[in-house]
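Visitor: Chain residues, written in single-letter form:
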Amino acid sequence: MARVLINLPARAKRGELIEIKTLIAHPMETGYRLGPTGGAIPRDIINRFTCTYNGEEVFRAELFPAIAANPFITFFTVATESGEIVFSWTDDHGNTQTEVRQITVE
Amino acid sequence: MDEAIRALVGAATVKRGKVKLELPPIVENGNTVPLTVTVDSPMSETDYVTGIHIFNEKNPQPYVVAFDLGPRAGKAAVSTRMRLADSQQVVAIARLNDGSFWSDSADVIVTLAACAEG
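So the protein sequences, as listed, match chains A and B. First residue of the first sequence: 1, per the working numbering; consecutive thereafter. First residue of the second sequence: 1, per the working numbering; consecutive thereafter.
So that you can see chain A by itself, here it is in the shape it has in the complex (with noise of 0.2 Å):
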């Protein structure tokens, strides 16, 4: 399991605008570098990442390995009601990683 950082406000107001950052350790492997015994080292990237907030997608990115190692994304979304808002990032083995944060909306 990769460290993740994901940073959002505890509690909003409803309907305000919040902005959510998130950042997860992994390598980002291109698959252009080349290892010790001279040969390209395979792509291993995170290709995909997606935010739902109660169950309703919010955001998704598609990543393609001109993105930074450790891949770092901030966006906003609205905050309706309380409830989890969940993250999943999805690497080139299929291996998916979720993080669920809890918002309160008052």
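Only true hints are included.
The calculated label-pair distances, taken between Cβ atoms and stated as ranges, are:
| # | chain 1 | residue 1 | chain 2 | residue 2 | range |
| --- | --- | --- | --- | --- | --- |
| 1 | A | E106 | B | D2 | 44 to 54 Å |
| 2 | B | D86 | A | P42 | 18 to 28 Å |
| 3 | A | K13 | B | A106 | 30 to 40 Å |
| 4 | B | S100 | A | A2 | 31 to 41 Å |
| 5 | A | N7 | B | I26 | 24 to 34 Å |
| 6 | B | S44 | A | E106 | 19 to 29 Å |
| 7 | B | S87 | A | G15 | 37 to 47 Å |
| 8 | A | E16 | B | D47 | 17 to 27 Å |
Cut-off 25 Å, straight-line C-alpha distance, at most; resulting in silico cross-link-like pairs (BS3-like, lysine-lysine):
| # | chain 1 | residue 1 | chain 2 | residue 2 |
| --- | --- | --- | --- | --- |
| 9 | B | K20 | B | K58 |
| 10 | A | K21 | B | K18 |
| 11 | B | K75 | A | K21 |
| 12 | B | K18 | B | K75 |
| 13 | B | K75 | B | K20 |
| 14 | B | K75 | A | K13 |
| 15 | B | K58 | B | K15 |
| 16 | A | K21 | B | K20 |
| 17 | B | K75 | B | K15 |
Just so you know, these hints were derived from the structure itself, not from any lab. For each residue, glycine too, the CB sits at the ideal point set by N, CA and C.
Chain B: place on chain A using the hints.
Guide: Here is chain B on its own, set in the frame of chain A:
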């Protein structure tokens, strides 16, 4: 880069404006270059940005990232960090829900390139 953009937009014309791509003009380390894209849009149910796409000119692959947004985003602004293999032009294209495309570009000078060993 032109082919990749053409594959995205199809026959539509890409107009300049509405989109603002912010990149540092001189980059010391091409391995991690912060960039921010904001699109001038009310993000209402009837007028919103459906996607933001970033392209580059000289990396081995032209596509950098594709973001999917909707009216739930509230504000069409995203930022991330990219790799740059050389001094080049970076293009951001936004697709609106009415099917129109808007773009902005930025020229970047890179002093230490990413993928220098490859």
